[in-house]
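Student: Required output: the full structure, derived from the provided sequences and hints.
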Amino acid sequence: MFSEYHLNGIFDEMFEAAGQPRGHYRSVHTRLAAMGSDAFQRRRRMADLSFKNQGITFTVYSDTTGVEKIFPFDLIPRIVPSSEWETIEKGLSQRLMALNAFCRDVYHEQRILREKIIPAELIYSAKMFRREMLGLQVPRDIYIHICGTDLIRDKSGQYLVLEDNGRTPSGVSYVLENRAVMKRVFPALFGAYRVRAIEDYPHNLLHCLQNVAPQAWEDPTVVVLTPGIYNSAYFEHSFLARQMGVELVEGRDLIVENNSVYMRTVAGLRRVDVIYRRLDDDFLDPLTFRPDSTLGVPGLMNAYRCGNVALVNAVGTGVADDKAIYPYVPDMIRFYLGEEPILNNVPTYLCSRESDRRYVLEHLHELVVKSTNESGGYGMLMGHQASAAERAKFAEMIKEDPRNFIAQPIVELSQHPSLIDDRFEGRRIDLRPYLLSFGDKVVVMPGGLTRVALRRGSLVVNSSQGGGSKDTWVLEEDGDGSGTMHPDFVAEGVTV
Amino acid sequence: MTQSQMMNGQDRGVTGVANRPMLSRVADAMYWMSRYVERAEHISRILVETSSLLTDIGDLAPALRREYWRDVLRVLGLDAGEVADQMLLGTDEQVALRICHYMTFEPDNPSSLLGCLTMARENARSIRENISGEMWENLNTLYWSLRGDDAQARYDESAQEIYRQVLLGTMLFSGLTDQTLAHGQGWLFTQIGKSLERLDLVCRTIAARSLLLQRPDMAIDSDERNIHWMSLLRNCGSLEAYRRIHVGDMEPESVVAFLVLERRFPQSIRYCVHHAHDAAVRVRAEIDPHTMDQAVRILGRLNTQLEYADVGEIERIGLISYLGQIRSTATDAAEALRKSYFLH
Numbered sequence: 001m002f003s004e005y006h007l008n009g010i011f012d013e014m015f016e017a018a019g020q021p022r023g024h025y026r027s028v029h030t031r032l033a034a035m036g037s038d039a040f041q042r043r044r045r046m047a048d049l050s051f052k053n054q055g056i057t058f059t060v061y062s063d064t065t066g067v068e069k070i071f072p073f074d075l076i077p078r079i080v081p082s083s084e085w086e087t088i089e090k091g092l093s094q095r096l097m098a099l100n101a102f103c104r105d106v107y108h109e110q111r112i113l114r115e116k117i118i119p120a121e122l123i124y125s126a127k128m129f130r131r132e133m134l135g136l137q138v139p140r141d142i143y144i145h146i147c148g149t150d151l152i153r154d155k156s157g158q159y160l161v162l163e164d165n166g167r168t169p170s171g172v173s174y175v176l177e178n179r180a181v182m183k184r185v186f187p188a189l190f191g192a193y194r195v196r197a198i199e200d201y202p203h204n205l206l207h208c209l210q211n212v213a214p215q216a217w218e219d220p221t222v223v224v225l226t227p228g229i230y231n232s233a234y235f236e237h238s239f240l241a242r243q244m245g246v247e248l249v250e251g252r253d254l255i256v257e258n259n260s261v262y263m264r265t266v267a268g269l270r271r272v273d274v275i276y277r278r279l280d281d282d283f284l285d286p287l288t289f290r291p292d293s294t295l296g297v298p299g300l301m302n303a304y305r306c307g308n309v310a311l312v313n314a315v316g317t318g319v320a321d322d323k324a325i326y327p328y329v330p331d332m333i334r335f336y337l338g339e340e341p342i343l344n345n346v347p348t349y350l351c352s353r354e355s356d357r358r359y360v361l362e363h364l365h366e367l368v369v370k371s372t373n374e375s376g377g378y379g380m381l382m383g384h385q386a387s388a389a390e391r392a393k394f395a396e397m398i399k400e401d402p403r404n405f406i407a408q409p410i411v412e413l414s415q416h417p418s419l420i421d422d423r424f425e426g427r428r429i430d431l432r433p434y435l436l437s438f439g440d441k442v443v444v445m446p447g448g449l450t451r452v453a454l455r456r457g458s459l460v461v462n463s464s465q466g467g468g469s470k471d472t473w474v475l476e477e478d479g480d481g482s483g484t485m486h487p488d489f490v491a492e493g494v495t496v
Numbered sequence: 001m002t003q004s005q006m007m008n009g010q011d012r013g014v015t016g017v018a019n020r021p022m023l024s025r026v027a028d029a030m031y032w033m034s035r036y037v038e039r040a041e042h043i044s045r046i047l048v049e050t051s052s053l054l055t056d057i058g059d060l061a062p063a064l065r066r067e068y069w070r071d072v073l074r075v076l077g078l079d080a081g082e083v084a085d086q087m088l089l090g091t092d093e094q095v096a097l098r099i100c101h102y103m104t105f106e107p108d109n110p111s112s113l114l115g116c117l118t119m120a121r122e123n124a125r126s127i128r129e130n131i132s133g134e135m136w137e138n139l140n141t142l143y144w145s146l147r148g149d150d151a152q153a154r155y156d157e158s159a160q161e162i163y164r165q166v167l168l169g170t171m172l173f174s175g176l177t178d179q180t181l182a183h184g185q186g187w188l189f190t191q192i193g194k195s196l197e198r199l200d201l202v203c204r205t206i207a208a209r210s211l212l213l214q215r216p217d218m219a220i221d222s223d224e225r226n227i228h229w230m231s232l233l234r235n236c237g238s239l240e241a242y243r244r245i246h247v248g249d250m251e252p253e254s255v256v257a258f259l260v261l262e263r264r265f266p267q268s269i270r271y272c273v274h275h276a277h278d279a280a281v282r283v284r285a286e287i288d289p290h291t292m293d294q295a296v297r298i299l300g301r302l303n304t305q306l307e308y309a310d311v312g313e314i315e316r317i318g319l320i321s322y323l324g325q326i327r328s329t330a331t332d333a334a335e336a337l338r339k340s341y342f343l344h
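Residue numbers (the working numbering), protein chains in the order written: chain A, 1 to 496; chain B, 1 to 344.
Just so you know, the hints here were simulated from the structure itself, not pulled from any lab data. These numbers were taken from a predicted model, which means no experiment stands behind them. We treat Cβ as the ideally placed atom computed from N, Cα and C, and that holds for glycine. Hints may contain errors.
Stated by the list, open to error - Across the chosen pairs, the derived CB separations fall in these ranges:
#, chain 1, residue 1, chain 2, residue 2, range
1, B, T291, A, L337, 41 to 49 Å
2, B, G175, A, E86, 43 to 51 Å
3, A, G228, B, Q152, 26 to 34 Å
4, B, Q165, A, N259, 51 to 59 Å
Tutor: Take a look at the structure:
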């Protein structure tokens, strides 16, 4: 099944040269190469059925009924050796420490603006900058408690940060479910690897949430706030609440009285201390933000301001993952931490800078243009694939509102073998690890969501754009997987 | 003890874990999830039984045939109106096919099997973190068995198989609910929902059948009468249990007395009322001990009434109005429950 595999002249995760798997992939490669296409298809069907029966789906509203789809799962695992992971982990922690320091600064002293490291107008023009947060004290000075940073690898295999998702990053439930399904349908593949366990994520998440409870209750009440069952990420909201053993609430389940938040229970009102909200700032409180929103809780911001409830992530973190502010993250790391960045950014042109804009407009055909406030692969131009008309449209849009656009050279993402029909083909991937901030330290989940652009030649991995995902294995130690099987893992392999 | 004290950790069970009151919305969804599953179970049973009975005796009693199909609609309150009239046009075979399809897949019919399972699943989906993975997976799989691409083809091949599958699937759901969920507030709400739904449907099923068999124009041959009462028992999933207690006796009075007053059988009305009352009392005790609410009062009275009732009483009042009173009392109880727990 590897016989017609092409390396396509980019960085390939599994092969260093044609027919030569990298050390850490050797064992998986041997097993996969020995397997027939039928056996593989059978496992794929098992995995798909398992996702469907468990209702691990997202909803696509193409017509009135709404179609439930499973997030395509690619059975071939992505493997990250431990030495590589160590660097990633350090780099990501460093970045999140800096981003939190930045949020704190922007909403208080604004040193970084006064010292002109970041232009003040860039902050004030950021759509996600929340004036309401100025001077507001948040518990333990943590703004971004939960972060899902997107990493890609360039042609040389260097990891680069593509974006920091510091608002309400999603996808972590797929990471956990992918692993569970993988153990169920492909136990043999784990073979001799010692893969780091990720199952403690919900436990860590709960601690991360309890850590910011406003009062030192012995047992603070934590809830997950969802927009409801029609939200495309509803599965994840429910999953996390279930895994943590806390209530999943909708806006209508909460009420604010005397600047405290309560939930409506069968025994009357019950105090809520921490809200892990999976709702954008705009929808949180109709009295403060969008008045037409019925998803939030009237008065929530007042309770937050009074310090009676913690919101996770804090309000206003969008200012840190604005794409026009992203190029300054390395400067933030130097400024707040006095360190050199461990992970690099993708070079970025800010259309609000005149020289950059001129360059962008002249080189549209070789750049990716992104709107600074969109996510999920929307509001994007892939210059080399776009038609002249599309490029002209974006050129107009850039001239009209330069602040709203950035551009980056097209990074040739690394590829990884995927099962396409009855053989393996290389497909582009990225990696979204999940980080939890405890203030003085950051806990990084070993692994993350590896997303795959399943369309041939595509560089866009978002699920809304036809992407799939893989299980991601971070190894306990470097090696080719020929060691003995980890005893814990054998036991885990049977209990899915 | 004030409410806030109770919430701050004094209300702990023997395990030392706080007994958290559940969200009103969650309690509401638990209750309805369970009602819809129960409804699907009853409908699939009626569809299996009606088809099978008419295969046996349809030719002997042509007049009854259409009325039996009308009763399928009547039990769910769907027999009046233009849609029902339309469905009852044409040959018997057409009527049967149409009604079966309407009761299985029709998206505009909230009481179709697919409609019930969709509602049950939607409710379950909104409270997944409160039910067990087994319950969810079972309900979800059941839903896809009717909603999936191959459902129509399997139905065309054998509708009976589909109904049996739903019947077993819903019963499995009840079993999983009992075995995988802690018997706390959430479980208690599912029990109240299930019992109230079941007693309502059993009341309607008895009423429809006895009205039909009493109609002078139906001219039921006394040799065949037993078959019709047996089928009523089957519709309520009670035939085997009945037989074991009333050996060789298929008198209408005995059948009715069994379905209404039998203390030991879970499909009987009295059992359902007892079970609903018991669950309501326990919910109250979990949430606010030493107090009583309106639902407990209503169910308690009804429970006592049935406990001391005899067949003569049913005859004096008349079966139809007797059943009508039970249903309306149960409706009051459901409304009281809603006010006490779901509307905070």
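Student: Run every hint past the structure and note whether it holds.
Tutor: Going down the list of hints, with the structure as the test:
1. B:T291 to A:L337: 41 to 49 Å: The hinted range 41 to 49 Å is violated for T291 of chain B and L337 of chain A, with Cβ atoms some 58 Å apart.
2. B:G175 to A:E86: 43 to 51 Å: Since G175 of chain B and E86 of chain A have Cβ atoms about 49 Å apart, the given range 43 to 51 Å holds.
3. A:G228 to B:Q152: 26 to 34 Å: With Cβ atoms ~31 Å apart, the hint holds.
4. B:Q165 to A:N259: 51 to 59 Å: Hint holds: Cβ distance 53 Å, inside 51 to 59 Å.
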